[in-house]
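J.: My request is simple: use the sequences and hints to build the entire structure.
Protein chains in written order, with my numbering: chain W, 1 to 275; chain L, 1001 to 1349.
Don't read these hints as lab results, they were simulated from the structure.
Careful, some of the hints might be misleading.
Label pairs and their calculated CB-CB ranges [stated by the list, open to error]: (1) L:LEU1146 / W:TYR12: 25 to 33 Å; (2) L:VAL1169 / W:TYR12: 20 to 28 Å; (3) L:ILE1151 / W:ARG215: 31 to 39 Å; (4) W:HIS130 / L:PRO1045: 50 to 58 Å; (5) W:GLU120 / L:ILE1151: 41 to 49 Å; (6) W:SER140 / L:VAL1150: 43 to 51 Å; (7) W:SER260 / L:PHE1337: 51 to 59 Å; (8) L:LEU1162 / W:THR65: 30 to 38 Å; (9) L:LEU1146 / W:PHE171: 53 to 61 Å; (10) L:VAL1255 / W:GLY14: 23 to 31 Å.
Glycine included, every Cβ here is placed at the ideal spot set by N, Cα and C.
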Amino acid sequence: MSIDIAGLAFGYPGHPVGSDVSLSVAPGEVLCLLGPNGSGKTTLFKTTLGLLPPLKGRIAVDGETTERWSRRRTAQHLAYVPQQHDAYFPFTVMEVVLMGRGAYVAAFATPGRHDREVAERTLRELHLLHLRDQVYSQISSGERQLTLIARALTQQPRVLIMDEPTANLDFGNQVLVLNQILRLKQAGITIMMSTHDPGQAFYCADNVAMLRDGRLLCWGPTDEVLTSANLRSVYGVDVAVVEITKTGEHPGKVCVPVMSDPRGRADSEIQAPPA
Amino acid sequence: MKITDPRTAATGHRVSLAVSLWLSLSVLLALVLISIAVGKYRIGPGELVTALINRLQGGDGEVPTVIETVIFQIRLPRITAAVLVGAALAAAGATYQSLFRNPLASPDILGVSAGAGLGAAAGIFLSLPVAGIQLLAFAFGSFTVLLVYVISRAVRGHDPVLVLVLAGVVMGTLAGSCISLLKYLADPYDQLPAITFWLLGSLNAVNPADMQVSLLLVGLGLVPLYLLRWRMNLMSLGDEEARALGVNAGRLRLVFIMSATLVTASAVSISGVIGWVGLMIPHIARLLVGPDFARLLPTSMLLGAAYLLGVDDLARTIGEVEIPLGILTAFLGAPFFLWLLAHSRRGWQ
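T.: Below, the structure written as structure tokens:
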């Protein structure tokens, strides 16, 4: 499914967060949204999901404006993986994942056999089946993130919107989640994600968009957009884009902030390649 | 060697719904039988069985009239009331705790009890008959929640749940001040004790006729709660997530609030204000069967019924004079809650 955002102003009534955002995501594409804290990434996502009405402009999915879609219809097409949070009540992993069937279960019904099968299949695909009866709040944060992804996938969406899916995860779990994103892309799901590690975009994104103060700074193919100059203007610090070579694999790129010690001493060993 | 993951014990303490329902149902039935027997006029097991069998066979007068009267005119209506009010308060408490994601929510969080108290105080102040007092209590209780809801809709741009709860606190406090004003103005020898006693909560004035209406209203409120039991789980994730999962959160919340208000207002109008039941019973139920509302609701109702029946038995037997129910539930509820706070990791797990 494709997403087209045109001339979008977004935010809360009386409190606009961003404006003039136009971008589109092709079917099966991964778009990585970068931007400093408070730049409006989450608000943009919420608007795309129809959780907030657009203040101006329009959002279309496969060419159809979504503004008047019912909650049920939206949730059957677009799924949200929110930033990881603590559960308020001790639901089990299976109970949490089953909630992804909210858009399919009839108003007065409870999840049926088919819903359970979908949930179970998703848990198996994400290698989480052994956790099904664990309490969600008591599993590790990596497992929690995967559970939220599983919940979104039981919505059987065509578009997945992930808000910082790797926040608070250690390296191992970050890679686990990123690889999952690549698998989902392979399965044809369109993905919009945000992250604070621009290097992740080299690993899994087709396109990158950068947001600063609610405005789109740049948007385009990862290799073209993810440059030291752009990263500097979005984060306000020097960022080195470094090529690394792993033995036996083709080279990858990472981004590292180049820190300068305020006490005036020389700092990073890493040399930024000429921009 | 088999390695056991310490986390597999995580849900190990939970019992299945069937077990918890049968267990609480048997406790409730046992308590009903005990409640018929105990009191100022003691009824032995033999007499109880004879009287019940006699009644079931149509009643031919072999049982002394005193026993007949005590069982069927005094105790059974009161037992029904205790069961009904206990179940109603626990159901409403479970509803609000899940809906507001707040383990400290109680049935009166949106001001229904304070409003009902004001209605009853006004009824007593105007020297209305009992039925009139109950009607006013019900009307004022529901009206207060309606006002709270309207206010919360008018205040935009904030978290809707937060605004609702705060508006509930404000309206509840306002109703409380109005009650104080009425108490100040009331006749100190006749009306003031009546208002005070009503606010403490008691079941000693129930009569079978009130029960029928209240039963109907409580039943009416429970139907949507039961039908929407799975949706409640989605609501307990918070507005945004519920909506992202395909739920019309605003409309659903209104239905839940209306149902819980109907249930609470009908209960409070026959029993007066009885605190703590709706707060602590859903906690115990959650410990037993977990947070899934489909299991939490029936378990809470049975436990609430059994608990209030047991406490009411205490209220009418431990002292020479009857102790107001609301005082006893607080005496039992407060220490329990402190214990819960100390022994659970985050207060509600």
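J.: Take the hints in turn and mark each one as holding or not.
T.: Comparing the hints with the structure gives:
no. : hint                             : in the structure
1   : L:LEU1146 / W:TYR12: 25 to 33 Å  : holds, 27 Å
2   : L:VAL1169 / W:TYR12: 20 to 28 Å  : holds, 24 Å
3   : L:ILE1151 / W:ARG215: 31 to 39 Å : holds, 37 Å
4   : W:HIS130 / L:PRO1045: 50 to 58 Å : holds, 53 Å
5   : W:GLU120 / L:ILE1151: 41 to 49 Å : holds, 45 Å
6   : W:SER140 / L:VAL1150: 43 to 51 Å : holds, 45 Å
7   : W:SER260 / L:PHE1337: 51 to 59 Å : holds, 55 Å
8   : L:LEU1162 / W:THR65: 30 to 38 Å  : holds, 31 Å
9   : L:LEU1146 / W:PHE171: 53 to 61 Å : holds, 54 Å
10  : L:VAL1255 / W:GLY14: 23 to 31 Å  : holds, 29 Å
Violated hints for the displayed structure: none, as all numbered hints are satisfied.
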